[in-house]
Every structure is written in C-alpha cells, then in structure tokens.
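Since the structure of chain A is provided, determine the placement of chains B and C on it from the hints.
Protein chains in written order, with my numbering: chain A, 1 to 152; chain B, 1001 to 1781; chain C, 2001 to 2167.
A hint or two may mislead.
[Stated by the list, open to error] The list that follows gives simulated cross-link-like pairs (lysine-lysine, DSS-like), each with its CA atoms no further than 25 Å apart: (1) Lys1187/B - Lys1308/B; (2) Lys2/A - Lys130/A; (3) Lys1008/B - Lys2155/C; (4) Lys1779/B - Lys1388/B; (5) Lys1388/B - Lys1008/B; (6) Lys2008/C - Lys1120/B; (7) Lys1388/B - Lys1488/B; (8) Lys1187/B - Lys1779/B; (9) Lys2/A - Lys1070/B.
[To be verified] Facing chain B, a subset of chain A residues (Cβ under 7 Å, in silico): (10) Tyr7; (11) Gly89; (12) Gly115.
[Stated by the list, open to error] Label pairs and their computed distance ranges (CB to CB): (13) Ser73/A - Glu1150/B: 31 to 39 Å; (14) Glu45/A - Asn2006/C: 25 to 33 Å; (15) Arg147/A - Gly2072/C: 25 to 33 Å; (16) Ser1213/B - Gly2072/C: 16 to 24 Å; (17) Pro1728/B - His2086/C: 55 to 63 Å; (18) Gln2121/C - Glu1443/B: 58 to 66 Å; (19) Asn134/A - Arg1770/B: 26 to 34 Å.
It should be emphasised that the hints constitute simulated quantities derived from the structure, not laboratory data. Predicted model only: the values in this text are computed from it and were never measured. Yeah, the Cβ is synthetic: ideal placement off N, Cα and C, and Gly gets one too.
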Amino acid sequence: MKLEGEYLFNGPREEVWNIVRDPDVLATCIPGTQTLKQVNENEYEGAIGVRIGPVNAAFTGKLTVSDEIPPESCTLTAEGKGAAGFARGVGHVVLEEQGSDKTLLKYTGELIIGGKLMSVGQRLIDSVGKSMINKGFETLDKTLATRLAAKS
Amino acid sequence: METKYFGKRIQRNEDPRILTGQALFVDDVELPDMLHATFLRSDYPHARINSIDISAALARPGVIAVYTAKDMGDYWKPGPLLVPAPTAIPGVVFNKRTQVPMAREEIRHQGEPIAVVIAKSRYIAEDALADIVADLEPLDPVVDVEKALEPGSPLVYNDLGTNLASHVQQENGNYAAAAAQADVVIKAHIVIDRGIAGAMENRGLVVQWDPKSQHLTVWATTQAPIALRNGLSGILGLSESQVRVIAPFVGGGFGPKIMVFQPEEVVLTWASMKLGLPIKYIEDRQENFLAMTQERNQIHDAEIALTKDGKILGVKDVFVQDTGAFNSYALTVPLNTQTHTTGPYKVPNYYSEFRVAFTDRILVTPVRGAGRPYGVFVMERLMDLAAKKLGLDPTEIRRRNYLQPEEFPYRTGIIGQDFAKNILDSGNYPATLDKALEMIEYEQFIKEEQPKLRAQGKHVGIGVVTFTEGTGVGPYEGGRVTVEASGKVSVATGVGTQGQGHYTSFAQVVAEQLGVPVEDVRVVTGDTDQFHWGAGTFASRGATVAGNAIHAAASLVRAKILKLASKTLQVPEEDLVLENSEIHSATHPTTCIPLGELAVKANPSRGAVEPGAEPGLEATAYYGPPYGATAGGTVAMIVEVDTELMRVEIKRYVIAHDCGTVINPLIVDGQIHGGVSLGVGNSFFEKLVYDENGQLMNGTFMDYLIPRATDMPYIEIGHLSTPSPLNPLGIKGVGEAGAIPTPAAFAQAVENALADYNLEVREIPLSPNRLFELLEESKTS
Amino acid sequence: MSDLINVKVTVNGMAYEREVEPRMLLVDFIRHELGLTGTHVGCEHGVCGTCTILFDGSPVRSCLLFAVQAVGHEIRTIEGLGTIDHLHPVQEAFREAHGAQCGFCTPGMIMSVLPFLEENQDPTEQEIREAIDGNLCRCTGYQHIIQAVELASDKLAEQRQSVKEGR
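Next comes chain A alone, as it looks inside the complex (with noise of 0.2 Å):
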C-alpha cells in the first residue's frame, strides 16, 4: 500500500523537527501509542494498540530513523507485530518552509500489512490509517502550539 501526504503546521521548520524527533511528543501524538522508548539515538521501541474495524489489534515495534537532513528531511522505518498480524513501513519526511511561521510535512512511503489485519480489516485500513495520521500532526500541531506560546 502507498502512503502519501502532506500536513501544514503552524510553526517555524526548526520547531516542527524538534517535536518530529522529540520521543515523548511522539508518542501522545501517535494515537494508540502506550510506550515509546528511544533505545538509542535513531532508533525506538514501542507498544501501540489500533482498531480496525472487527480488529482490535496490539502491536509492538521498532522505529528506525535514518537519512536524516536536520530540519530538512529523514526516512522512518517502522516494523510492528501483533496477534492480528504484521505491518512495515517506509516513509521519507520532507519538511519545505512556507514563510517563516509556516511548514509543509509532505511524506511518501510504503506499507506493508499482513494477517488477520489484512484479511479481516482491508477495506478500512485505508481510511483508519489516513485518520490516524492526520489525528497525529493535528495532536501534533497543537503541542507545537503550546510550545510556541510558552516561548513567546
């Protein structure tokens, strides 16, 4: 499955990346998300709970962060596994200014899913997968927020 995309954030690129790579944002901001540990400097472990229709799914995995441009750009590898199967992904993270208060996310990637997930939830993998990411950046967006006003 390809995954493509693009989200404006209300802050400055410097800003964005911080909590792109900030763990702990990271994981409130992934929903699901109960543990994200960074196990060391690019890479992170983690337990994520998602519902897919009929399939209430837990996964651990492994986040791998490579290629990385500060501010600009990186690669995140993900690999999850669970009961109700298996997912893998690669995205590659574009940060473009947009003015100095502004940034583009643009990501493109690749999706791997496998399993009772896919046998049972396909047809709503699609759809949950687009609103968890846009749940993310939107969670995401307003911490940014937070930041920005407590620095102001």
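Coordinates of chains B and C only, in the frame set by chain A:
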C-alpha cells in the same frame, strides 16, 4: 422395469435427525477430559523461522502442551502423495513436494501452522497463541503463477532450483497440421482465478487415544475415512485395526475434505498419544480461508482451428496452473481440465500442454468441478468466438460438432485423472441441446423477446453451453448388506457422506432388491469399523461406484434369501416374491415367511450346518468400473445486465441433464441445484484476492461473497437418461454437474446481453467492478 | 482468567443455570455448556446465519452475543421444535421438499424461517428469498429450501385452520 423404490422421489432417511438438531457432527462430540487445540499460523506467505519461544504460552494457566515441529523429532516428515504421480503420461515432469505437519525451517504459505497449543478450553488455547513469540524472517514471496516460472523468480523451494512442479504435454492427432489447413484459427487468452470450496462446516477433528485398549478413535470431517485410517496408522506405527476413523454427519465436502494427512490430523493424533487424552480441534472460518485447500488459478492460451462452415479441425490449449506451496494431490485438477476441454465435441486434433507452478499460496486440490469447469470455459469461449467470427448461431456451431450417440464409446486419446486414456462411455448431447432449447424457448427468445426488450433499452442475453462430466471413477468401492432378525436391513460402505443423501439412495437400491421399505434399511457410511475397504467420496462417484457395489451385495443377499426361502417354504425360487419384508409364493400368497424369521433361520444358534455354509443373510460385494462414466448436459441461461450498477440478474436458468439412470430424482435435483450455486459463485461473486505481497485480502464471508438466496435463479431441470453401459445400474454421477457449465454459460449470456459494446469475457470470476472495467475498456477500444 | 458469572436463561422452556466466563459466546454456551448441539457454528463473524436462534422470539446470531447478554431472556433452538418421531410442520416440510442436504445450515435456516412464517403467512417466492438471505447454504442452491418454506406455509395454514375448527 417396474420398480417400487428405485428411481422414486423418496424422502430422506437421514432427515429427521438433521432437522431436529440430533445429527452428530464432529464438533458435537464431547468426551471426558477432552482438551482443545488451536494452531499458530503464519501471517507471512514466505518466511524463515529463526526461533519460536513457547515459554510464556506454556506458563499460562490451563495450557497443557505447546508443540512446534522441532518437538516432533523423527515423527516430523512430509506426508505421502494422496494421488500417485501420473507416470503413465509419457514425458511427464513431476516434482513432488507434500505437506508437512508444521513448518520447521521455512514457511511456504500464509496460514501454514508453526505451533500448536493444547489447553483445557479453546478460549485458553486461543489466548495462548498470542503468548508465543515467533521470530520469523520474511522472504520474498512467490505470488503470481506466471512470474513464478520466469527466470530470476524467488523460489518456493531453493533445493528444487525452479518453481516448476509439473509439465505435461498430450496430443491426439496433429494440431499443427490441422491448423495449417484451417480456414480460420481463433486464439484467446483466458484467466481463471482462485476460489474456496466454502462448506458451511469448517474442518474438525476429535482424536482419542486410549492407552488401556491401545486404540485410537478419530472423528473427522473427512470425505475419505478409510484413506485417513490407513494413512494415520502407517504414520503412527499402529496396526490398521488399532485405528477407527468415523466421519459422522459432515457439513458439506465439495472436495477439500478429501485431503488427508493434513497437518492438524498428523499433529493431533501424535499429541493425543503423547498426552493420553482426547483432543478436539475445530477450525474457524478465518483459518478455513487460510488453511483449507482451494482451487484453480489457471491461465490459458488457447486456440481453435475450423473450416469456414464451422467444423472443428483442432484445438490447442497451453496453460499454467498454480498448485500453491505443495502438490500432494498431484495432477488431478489440471488433468481434469485437459480431459474435459474438448467435452462433447468431436475434435480430431487436440494438443494440450500445461505447466504447474509452486507459489507461496495455499495448496490447490479439487473443489466441486475439479478442473472440469475451466476446460469447459476455455472450449466454450472458443466456440463462441468462432460462432461470432463465422456468423453462426452459437447453438448451430455446437450442433455441427457434437459427438453423435452412435459414436460411443469414444476414445479421446488423452490420459485423465485415472491414468488411462479417456473414453466417453455413452451420451446423447444433441438431445440435451434440443431439450434445453425447448425449455428456454430459444427461438422465441432470440426472435421476439430479446429484440422487444432491447428496444426498451434492456440488456438481456442468452448463453447456451454443452458440457461433459467425467464421473464414477475407480478404483472401487464395496458394500455389505445384512438382514437382521428384526427384518430390517443394515448396509455398510466405505464412502463418507457430506449431504448427498447416501443414507437414502443406497437404501433405495437395497429396498428394491429385498422388498423392504426404504426406512427399514439403515445405511452406515464413513465408519472404518463398519466397513474398511474403499477409496472415498470424490469425483461424483458415490452413487455410481458404491451404489453398484451395494446393489451387487443386495443381489447376493436376495439370492441367499430365495434359496433358503425356497427350501423353507417348499416353493421353487422362481415362484417366490419378496415384498413388504416377507417372502411369499406368487401363486399362494399365504405361503410366506417374514424376512426377519428367515434371517434367524439362516443364523441358527445350535445344531449343524452344511459344510461351507455362511451364516446369516449377508453378503459383501465390490464394484470397480473399467473406466469412468461420462454424464453430460446443456445449460441455457438468460441474463439481464444493469449497466448502471453492473448487476447481473439471471432471469432464467435451464439445465437438460443426463446422468444415466437416476436412483432418486429428488436428490439428483438437489445435487444439480447445489452445483449451480457454486457455478454462479464462480461466475460472478467468488474470488480470493491477494495483494502483491501474497496477503489474502478477503478472508471472511463479509468480503468473500458466496451466493445468497437472492443471488440465485430458479433452476429448471430437464432429465434425460442415457444409461451407462459400464455398470449394472446404468448410473452416472451428478455431483459436479451444475458447477461445470455455469461460468461458461454466464460469460456467453453476459456477452450477448452487452452485444452493443462488443465486450469479450475472457476471465472468471467476474464481479460488478470487473464487469464495469471491461465495459469501460470496450468503449475505448 | 476472569471471574465466573452466573447465567440463568430459559431455553426451549427449560430453566438453566451455569457459571461461565463473561467472554463466553452465547453459541458456545448453548452448544457446550447446555449440550444443545443442534445450533451450529459456521463463521463466527455474524454472516452465515448457521448459529441463528430465537431470542425472545426474534432471530439472532448466537455467535455475536455473549452468554451473559442472555441472562433473563427466553431462547429457542432447533431442539425446541419437533422430535425425530414427531416433526414440527416446518421440519416436515423441509423433509418433504428435500430442503436439507448436509444439514449444517438447516437448524439456523429453520430458526430464521419460523418467525418469518408467523409474520407472513402466505409469502411469495421473492419474499422467501429475502427472508433467508442472511442464511448461507452451500448445498442446495436454496431452491428446495424455498419450496420447503412454501410447503411449510401451507402446512401451518392447515394447522391454523384445524385449530380454528376445533379439531
């Protein structure tokens, strides 16, 4: 011949039990201290097993045991071939790879078991599946059957060095020479995709090893109880007499339940012997989609060579078939395709070649129709294209090419699933066409009704297809008939029953011979302790092969009855009448003896008997056909296509069917109806969809659609009877009849309905989506 | 493991009481706790209709309910109709019309048909098709089932008539 029970629409003996919920299915078996098993199945179609950690699962309260392949030691080994490799075919390539009990080093299809949990309840066992930590390393999956055979494809079996499982070439005559002389040669690329059998009952198994009696009892949803008993005893190192397999009421078979020595059977019998406790395993529907064998995915490049007046000179068909990760069932499916392609037609030159490829998908084995529908689909599509090209009515081109009734037995020269050169025993195809056309009022439809409806903007079309069905193949079946002291009769045979009404049709055969009411004949099928010779229920062979064996046994019992009654009543045998459970003199009806009383006389408790005397009124007999009996028929179907929603409604469905002599027309009708429903599913509803990574995307009944009552047409059946000369009863099988011609007739009818668009259907299954795409393509081309 | 919960239900007019886990499905409760194995399991996701029972008179899928949800309710299963020696008119009709082949979907099918024939005493073929649309059958192509329902409606009409006439 005047009959009393044979050939009559008689209510079924088994129904009262079924209708009141008293029929015993495997999941209804409850035993003291019974444990419950579930299997951990791979989510990956292809992966290496690095490690499996079962410690957390074992620690869960209520879990009794967890096993992986490694725990099985030397007992772990690939299973036997269920069907021998067809070495009779010259030049055949067959690379054997059979199912293993559980994946040990490498996983080769999604759903392959990698561990089993045995617990006090199924709920606990399922919980424990989530406790198992399997470190699996995904490998590139082989998903596409055509790409599988290309150089550089990932391999399902590295040691084999190729994904080629088989290669078979057969030719009768010389196609190339025929094509060179032809006025027209028409080619078609035809794709047939995968589907499931979809019995309403999933697979199930209860195994009970009794350490004290050293006896294993297995209740299984199997179509082949005797083969399972023989195989399991061999695998487990037991004597066959130590193993009893019971196939009780089985909730639909349709092919895959013929599969024996499946992982679950091999693992759980071993586990029950290890634990000394009974174990139940009931597959759930999601597992059924991932673990029960499936059918087809063939891609054909076919051509037909004809004279300008539509006479067939030759047919060439080259196809690939996906066998999945194993080929335990050898080549039955593609050989059936090969032998059924030319069907009812006289094809003087026929070249057929297929390659079978291993892929990382579920194993392919016969499903109702078992390769036949795709041969018919290919041939009938070629006939339709030819009719169009030559400007002939589709029925006319068929009529010009039928084998004629006097041409039987007809030798096609092609070796089939029974490894002998195929012979069509008998048939009358023109008569089935006439009957079907009369029933559907063909002339009236195409001349009046269709033009009228088209003028109203309706897209209505008709399809007419003739087909053959090779049935009743060997090797043999047997039956034992016993008259009991009560005057009732018991019958035992080795085949299993999955709804075909054997408890009634076999009873009718016996009742006719012995003059007893059908309900007084108690038939036992599928219990190896009752009868332990036989092959199983497949290939529409139950009524033909077991039916004739039981008939032979009943005839022997009848002879014993006459002999003893003649002596007892002092009436010559030829003057005796068997009716109403008694034997009486034809001329003096009061000189009579009840059948039960005679049975007691035949089994004296004291005194001397004549040397060589056999006790009781009992006989066992076997029947093995020289070759299979070929049934056939013609289907005519009228459809209306809604070009907005792309729904296809089957307005009328007519089938003129010839399965020789019929034991019970009620049951035969039911068999045809059921076959048609699978055929409708294969035409328009049922397709297993995999993504490019080999993940099944529609593994539930929510997304994989099997026909519902509102999807099915009312089916009109016309019976013709060309008795088979091969067996005393003249029977031919009927189990797969409806499934075979339906996709081909559907395609023709849809094309005819959309004649304005010049759309060509070269694939099944279709769906509203796919039909929409084809319609859009036809608009742009 | 969760604490056991007391479940009291009436099934086919008999009161039953069992202690079960809260997650136990109603169909498993009926089949394995009560031993009424006439109700079958075909898909466990509410599509095939094989596990259909009457829940306070309405047809429901017992694979989509927990046993605890049935506390205090009246359940009717296939065992609550006729017996082997004395079939219910709907069962008789299924026998006469050959409405069952393997018999696996049959109990659920009959439990869907019963309330339908109470509501619609003289159904058309299309109405019957719609009424059994939620019950999958792989053996019959539905045709003999539809004929069985037509026949059952005649039999029930006769029965009503004879009750009316006080026979």
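We went through each hint and held it up to the structure:
1. Lys1187/B - Lys1308/B: Answer holds: Lys1187/B to Lys1308/B is near 16 Å, not above 25 Å.
2. Lys2/A - Lys130/A: holds (11 Å)
3. Lys1008/B - Lys2155/C: Since the Cα atoms of Lys1008/B and Lys2155/C sit roughly 23 Å apart, the hinted pair holds (cutoff 25 Å).
4. Lys1779/B - Lys1388/B: holds (19 Å)
5. Lys1388/B - Lys1008/B: violated (43 Å)
6. Lys2008/C - Lys1120/B: Since the Cα atoms of Lys2008/C and Lys1120/B sit roughly 24 Å apart, the hinted pair holds (cutoff 25 Å).
7. Lys1388/B - Lys1488/B: violated (61 Å)
8. Lys1187/B - Lys1779/B: Holds - the C-alpha atoms of Lys1779/B and Lys1187/B are around 22 Å apart, at most 25 Å.
9. Lys2/A - Lys1070/B: Distance of about 38 Å is beyond 25 Å: violated.
10. Tyr7: violated (27 Å)
11. Gly89: This hint is violated: Gly89/A lies away from chain B, its Cβ roughly 12 Å from the closest one there, beyond 7 Å.
12. Gly115: For Gly115/A, the interface hint holds, since the closest Cβ of chain B sits about 3 Å away, which is under 7 Å.
13. Ser73/A - Glu1150/B: 31 to 39 Å: Holds, since Ser73/A and Glu1150/B (Cβ atoms, about 36 Å apart) stay within the stated range.
14. Glu45/A - Asn2006/C: 25 to 33 Å: violated (43 Å)
15. Arg147/A - Gly2072/C: 25 to 33 Å: violated (55 Å)
16. Ser1213/B - Gly2072/C: 16 to 24 Å: Since Ser1213/B and Gly2072/C have Cβ atoms about 46 Å apart, the given range 16 to 24 Å is violated.
17. Pro1728/B - His2086/C: 55 to 63 Å: violated (39 Å)
18. Gln2121/C - Glu1443/B: 58 to 66 Å: Between Gln2121/C and Glu1443/B, where Cβ atoms are some 41 Å apart, the hint is violated.
19. Asn134/A - Arg1770/B: 26 to 34 Å: holds (32 Å)
Consistency with the previously given hints fails for numbers 5, 7, 9, 10, 11, 14, 15, 16, 17, 18, ordered from lowest to highest.
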